[in-house]
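Q: Each chain, letter by letter, is given below.
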Amino acid sequence: MPETVYAVPNIPTPNRPVIIDAIICTGCNDCVEVCPIDVFIPAAERGEPPILLHPEECWYCGCCVNHCPTGGAIKINWPIQQRGYWQRASTGQNFRV
Amino acid sequence: MANWHDYAVRGRVPEWPYPIRYENEQVIETDVLVLGGGIAGCWAAIAAASEGLRVVLVEKSATIRSGAGGPGCDHWCDAPANPSSKVDPDDWAQRLASANGGYANGIGRQIQCRENYDTILELERMGGKIRDTEGEFKAAEGYDEKTKFVFSPRSNPFHESNVVMRVWGTTFKPALKRECQRLGVTIYDRVMATGLLNEAGAQGQRVVGATGFNNRTGEFTVFKAKATILCMSGSAPIWTFDTELAALSTFRPRTLSGDGIAMAWRAGAELALLEKSERHRLGGGHKHHWYAGAGDASYENVPLVDANGKVLPGGLSLPHWGRKSDPGDGRVGGGAWEQVREGVLKGEYELPIYGDFPAMAPIERNVTWKFLLREESGTKIIVDSYEESGFDAAKDRLMAYQLLEGTSPPQWREIYRGVERGGVMIDWDLKTNLDGLYAAGEQLFVAGDHSFAAATGRYAGRKAAAYALEVSHAAISREQVAKEKARVYGPAKRTEGIDWKELHAAIARVMQWFCAEYKTERLLKMGLESLNEIEQRWVPHLYASDPHKLLRGMEDLSILNYAQAILHSSLARKASTQWLDFQRIDYPEMDPPESNKLTTIKLENDQAVPGERPLNYAGHLKKNYEAHNRDYTGVWKG
Ligand SMILES: Cc1cc2nc3c(=O)[nH]c(=O)nc-3n(C[C@H](O)[C@H](O)[C@H](O)COP(=O)(O)OP(=O)(O)OC[C@H]3O[C@@H](n4cnc5c(N)ncnc54)[C@H](O)[C@@H]3O)c2cc1C
Ligand code: SF4
Ligand code: SF4
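Protein chains in written order, with my numbering: chain A, 1 to 97; chain B, 1 to 638.
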């Protein structure tokens with residue numbers, strides 16, 4: 001349970017089109033510069049991961065992930081409603097992204 | 001910090017990270033001004049700069065990956081001048097120009113067929129990958145030993161044409177940007193072009209530049225140019241808007257908001273066939289973004305099976321070696337798909353449908369899964385996501401969403417099907433009716449695809465450069481600039497009102513009600529009145545709390561103007577036309593001969609003036625192309 005409950009408006013959803021690992025990310029802002037939509041803004045503090053300011057505008061093009069020079073720093077995070085299914089041919093079992 | 005909750009926990013929201021420079025103005029002078037740095041725009045800038053002219057490229061996002069084709073491209077279509085092609089470029093252009101009942105852009109098609117092979121060779125010199133030099137796909141059916149091109153079964157299931165090449169398109173956009181820089185093109189990224197400047201500020205006069213603002217700082221720029229090329233694409237989410245997945249409202253990215261159409265319209269340029277729209281089909285938040293089974297690369301050569309592995313009948317419209325497919329794009333509603341639907345209802349097939357990758361020959365599977373789907377625009381991340389979740393194309397079948405998603409309601413429309421859609425009207429120089437104004441790529445009416453955009457961009461750059469060499473700069477009208485500044489900064493001055501999402505949804509609703517399945521004079525006029533009401537009553541309340549929201553708000557204003565032009569165009573077509581998915585209840589006869597023409601529309605003294613051209617207004621394609629390009633030297637020698 002959170003210690004303090006804040007009064008915040010509903011947040012736009014989906015609000016995490018990508019997940020940045022703050023430990024691995026070097027804050028180089030390459031993803032900020034390549035994003036065609038300007039989903040991110042750079043953080044005020046140097047070296048900090050960028051901020052996802054306009055998450056619901058993401059086109060899910062993957063350019064930020066593909067251009068990140070630091071392996072494992074950023075991952076795409078598909079909205080649940082957009083996650084696709086597949087079937088293992090040998091068993092008929094279904095899986096989902 | 002990822003969302004509002006994090007902001008709250010930190011106790012403060014961050015300050016805007018970029019300096020705010022609203023109303024600061026800079027004036028830039030250039031010979032050729034290219035608006036839109038997508039595929040056509042980069043090529044236009046490169047071609048004009050190659051002629052030794054000063055070139056400015058204005059891109060609202062980041063040129064390196066902007067536009068529909070920024071992330072990639074897996075098919076270079078309709079390249080009949082390639083050395084392994086089995087068809088004649090002029091014949092192929094004529095074939096494309098005769099498709100869709102002749103509602104086609106013969107000029108653009110002729111340019112594409114004659115020049116897109118030269119274009120791709122230039123792209124290769126810039127670092128774009130177009131051949132399988134390592135022989136990775138040597139054993140694949142489309143591999144061509146002579147050229148090392150890997151051909152697609154598109155328009156080629158029996159190897160009868162060899163016109164569509166599979167390419168490594170993720171390499172293209174960075175290569176184009178590098179070439180622009182090498183040639184000294186000045187690139188203005190994150191600057192949205194907002195309006196064209198006419199000589200003396202008068203609608204319908206020569207275009208002498210444009211205005212724009214930086215969507216991070218808000219700074220205003222006046223670009224003075226001898227020639228201006230519109231390359232902002234004609235796509236826009238006019239009928240659909242999803243507030244949850246705002247950028248997925250259509251197949252194309254949100255940055256394509258019809259700004260080029262809106263500014264051409266306001267400047268007095270002639271637009272053609274804007275009345276064309278159709279049911280929403282591919283991708284988008286309303287549907288599955290993974291446009292599975294759409295007849296595109298995702299299922300090229302992939303057999304489709306039912307839930308129990310039963311093979312669906314052939315002829316489904318997926319490009320496939322050795323099999324003729326239905327025309328169309330895998331939409332349910334006819335031919336083999338109707339057979340599947342009936343079979344499902346009778347219990348012959350069980351849903352869902354899957355793409356049976358494991359059943360394919362490994363080399364063909366690799367072509368589709370490892371090559372095409374890694375290179376197509378925006379699909380690499382999809383393929384990677386599947387694989388990271390454990391999908392293995394050798395073992396797993398990929399689910400397809402046909403039938404499950406159904407057809408869209410007819411009110412969810414978009415401008416696209418394949419290619420027959422409205423846009424800017426041009427002549428054989430890709431010049432509009434306004435002096436100094438050119439257009440290329442998906443900005444044109446009935447444009448083609450990536451290679452069409454590249455070839456027409458390159459051509460427009462060449463022609464605009466030739467014009468710019470002949471003319472001098474003209475004065476810009478300060479009055480027109482001041483008017484545009486007031487329009488652009490209105491929302492930034494307000495601190496409350498309605499935001500861009502509400503405005504966009506309002507426009508989309510009007511279009512769904514008054515310009516969708518049911519079209520009559522009365523409904524279309526009501527639509528126009530409703531849009532005018534939005535303009536007068538609600539737009540003055542639009543507010544934007546930072547330059548990015550201002551960008552989105554200005555995009556809405558483009559969408560609004562675009563929608564108005566669509567309604568004028570729809571009123572002008574007093575007939576039903578199957579090729580345009582256009583049904584007027586008050587003119588029920590389908591395709592009466594006198595209606596087979598291009599409708600055009602333009603503003604004169606702010607009044608919409610309809611016009612028309614015969615479908616074959618381009619005349620004899622080969623003769624006219626050659627007459628306009630006597631000095632052009634390319635690979636094709638005739
Ligand atoms: C997912 C997907 C896959 C595709 N795959 C293929 C394929 O494999 N083969 C193929 O042939 N075609 C493909 N296409 C189509 C192809 O990408 C387009 O035909 C091509 O990009 C059109 O080029 P264009 O220059 O006209 O428009 P775009 O490349 O979209 O460029 C338009 C540019 O204008 C900019 N812009 C817009 N408004 C403004 C403004 N106001 N100010 C400044 N800049 C502005 C945009 O940011 C954008 O960069 C695909 C499209 C999509 C969406
Ligand atoms: S590109 Fe990668 S390392 Fe750089 S800021 Fe973005 S996530 Fe962090
Ligand atoms: S996926 Fe594309 S649109 Fe979304 S944040 Fe990354 S670069 Fe931007």
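Read the hints as simulated data drawn from the structure, not as lab findings. Hints may be right or wrong, so weigh each one.
Partial list, computed: chain B residues near chain A (C-beta under 7 Å) [unchecked claim]: (1) 255; (2) 391; (3) 394; (4) 399.
All C-beta atoms in this analysis are idealised placements derived from N, C-alpha and C, irrespective of residue type, glycine included.
Q: Identify whether the interface hint at residue 399 of chain B stands, where standing means a beta carbon of chain A within less than 7 Å of its own.
A: holds, 4 Å
Q: Holds or violated: is there a CB of chain A closer than 7 Å to the CB of residue 255 of chain B?
A: Check passed: Cβ of residue 255 of chain B comes within 6 Å of chain A, closer than 7 Å.
Q: Does the interface hint hold: is residue 391 of chain B within less than 7 Å of chain A, judged Cβ to Cβ?
A: With Cβ-Cβ at 5 Å, under 7 Å, it holds.
Q: When the nearest CB of chain A is found for residue 394 of chain B, is that gap smaller than 7 Å?
A: violated, 9 Å
Figure legend: structure checked against the earlier numbered hints; the only hint not met is number 3.
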